[in-house]
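Student: Residues per chain, in single letters:
4 protein chains.
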Amino acid sequence: MGFEVKAMTDHDVTTPIDDLEAVEPDVRRPGSDPGPAACCVPVSRPPGYLDNKQAHLRRLRRIEGQTRGLQRMIENDEYCIDVLTQISAVTSALKSVSLLLLEEHLNHCVAHAVQNGGEEADAKLAEANAAIARLLRS
Amino acid sequence: MGFEVKAMTDHDVTTPIDDLEAVEPDVRRPGSDPGPAACCVPVSRPPGYLDNKQAHLRRLRRIEGQTRGLQRMIENDEYCIDVLTQISAVTSALKSVSLLLLEEHLNHCVAHAVQNGGEEADAKLAEANAAIARLLRS
Amino acid sequence: MGFEVKAMTDHDVTTPIDDLEAVEPDVRRPGSDPGPAACCVPVSRPPGYLDNKQAHLRRLRRIEGQTRGLQRMIENDEYCIDVLTQISAVTSALKSVSLLLLEEHLNHCVAHAVQNGGEEADAKLAEANAAIARLLRS
Amino acid sequence: MGFEVKAMTDHDVTTPIDDLEAVEPDVRRPGSDPGPAACCVPVSRPPGYLDNKQAHLRRLRRIEGQTRGLQRMIENDEYCIDVLTQISAVTSALKSVSLLLLEEHLNHCVAHAVQNGGEEADAKLAEANAAIARLLRS
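Chains as they are written, first to last, in the working numbering: chain A, 1 to 138; chain B, 1 to 138; chain C, 1 to 138; chain D, 1 to 138.
Chain A with its partners taken away, still in its complex shape (with noise of 0.2 Å):
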C-alpha cells in the first residue's frame, strides 16, 4: 500500500491517505491499566500514541510532502481548483492524524487518570475536551 516511503515523492501529492484504517492496531487495550509507563505526564513517560509513533511519523512525512507539491504547483501556476483539491486532501490527511492522536490519547492518558481519580482525573479531562472542541473549530 501506499505508505512504502522510498516510493514516495514529494510530488506523489493526489494519492488520498485513506488507508488509515489498515495500519496496524494500538497493541494496547484501552482503559486496561497502561501500567507506570503509559501515561502521557509527566513529560518523563511515554505520550498515549507511543505505539503507533512510527505509523504517525509516516503520515507527517507525508503531508510534509504534499505541503512540498503545493509549492511546487503554485510555483508552475497550476489551476486553482487542482491546488484546492489538493488542499482539501491535506487537510483531510491532518484530521485522520488528529483523531487517531485523541483516539489514543482519551484510551491510555485519560483513562489512566481517570482510574487514578482525584484532581488529576478532572484535569486530563477538561484539557482533553478543550483539545476536541479546538478541533471541531478549526
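For the record, the hints were derived by calculation from the structure and aren't laboratory data.
Heads up, a few of these hints could be off.
[Unchecked claim] Calculated pairs, SDA-like style, for lysine to any residue (alpha carbon to alpha carbon, straight line, at most 25 Å):
1) B/Lys-95 to C/Arg-68
2) A/Lys-95 to D/Arg-137
3) C/Lys-95 to B/Arg-137
4) C/Lys-95 to B/Glu-78
Following the hints, complete the assembly by docking chains B, C and D onto the known chain A.
Tutor: Below, chains B, C and D alone, put in the same frame as chain A:
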C-alpha cells in the same frame, strides 16, 4: 441572559448563541465517582447530561426557532446571503450543544466505565472516539 | 424518497438526508442571462434560490422536525451517543442546504452582477467570499 | 518546551498565522475585465492567484515547517495534547490559504468566464461550486 424563552419569537433568528459559557456549570464533579445512577448505560440509568437537561432543552428550542426563522426567510424571498449567515449561526449553535453533550458524556458515562474497567471500558472509549470522528466530519 | 412531508413525523430523526442530489435541478441555466427578475438585489427582485424554493422549504421543515426529535430524545433521557449521532445528521443536512443556496447565489445573483460589471460586481464577489469563509468556519 | 520565538526555525510551530490580512491586497480589481492573460484556463494563461503567488508560497513554506515541527514533536515524545493543538493550528492555516485561493479564483477565473458567457461560464461555476463543497467537507 438571552435564554428567556417567553421573550423569544421564532423570528429572533439572528441573536448569536454565544452565551453558552454563561450557563450554570455541571454540579457533578467529572472523574469522581458518579455513583450508581450517573452512568448512561443501561438505559434505565440517567444519561451524562442529566444535570444540564433543562439548559440543553432551552438551547434546542432556540435552535428549533431558528430553523423556523430560516423557513420564513425563504418564504419571504429574503436575500440568499442573509439566509446563509443564519445557517452558519444555527450550525455553530448545534456544534456548541454537541461539544457540551460530549463533554458530559466523557466526564460521566465514559469515566464511570473506565473506573469499572474491563470490556465495558473498552467499548465506551471506542464508542466515544467514533462519535468524535462523526462530529469532526459532519 | 423520504421527502414525503405527510409521512414524516418529528420522531423520524434518524433518516439520513442523503437524497439532496435527487432533487429536481435548477431549471435556470447558470451563467446565462438570468433576465430582469433573476437577481436577488434589490429586494424587490426574487432571490437566486427562487426555482428551488419549495425544495428548500421541505428540507428546512425536515430539519426543524429533527430539532424537535432532538428535544424529545433529551426529554426521554436517551443515550448521549445517540443524541450526538443525531446532531451530526442535522449538521450535515444544514451544510447541504447551505451549499445548495450558495450554488444558486453564485450561479444567479453573483453571475448577473459580474455580467453587469462595475462596483456592484466587486461588491457581490466580496460578499460571496465572506459568506463562504463564514460557512467554512461555522 | 522548545517554543522560544527568538530561536525560530521550523520548530517554531506555535506562532499563529493571523497575519493573512496584513498581506498586500490583490492589485487586480475583481469583476472588472481581467484582460487576456488573467484567466486560468487554458493552462498557458496565469492562474487567478498570480498576483499573490509569493505570499502563498511563503504561507505554504511556513505550513511545511509546521508539519516538520509536528514530526519533531512526535519523535521527542511530546505531550499528545500539545501535538493536537499544533495540528489545529496547521489545519486553520491551510483553511486560510484555501479561502484566499478560492477568492482569487472566483474574482478572476470565474468572473472572466461569466463575462464571456456560454458553456464555459456554466462549467466554471459548476467547478467552483464543487470545490467549495469539497472544502466544506474536508
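Student: Hint by hint, note whether the structure agrees.
Tutor: Going through the hints against the structure:
1. For the hint linking B/Lys-95 to C/Arg-68, the alpha-carbon distance of about 16 Å falls within 25 Å, and the restraint holds.
2. Proposed proximity of A/Lys-95 and D/Arg-137 is supported: the alpha carbons are some 11 Å apart, at most 25 Å.
3. For a cut-off of 25 Å, the pair hint linking C/Lys-95 to B/Arg-137 stands: about 11 Å separates their Cα positions.
4. With a C-alpha separation of about 19 Å, the suggested pair C/Lys-95 and B/Glu-78 falls inside the 25 Å cut-off, and the hint holds.
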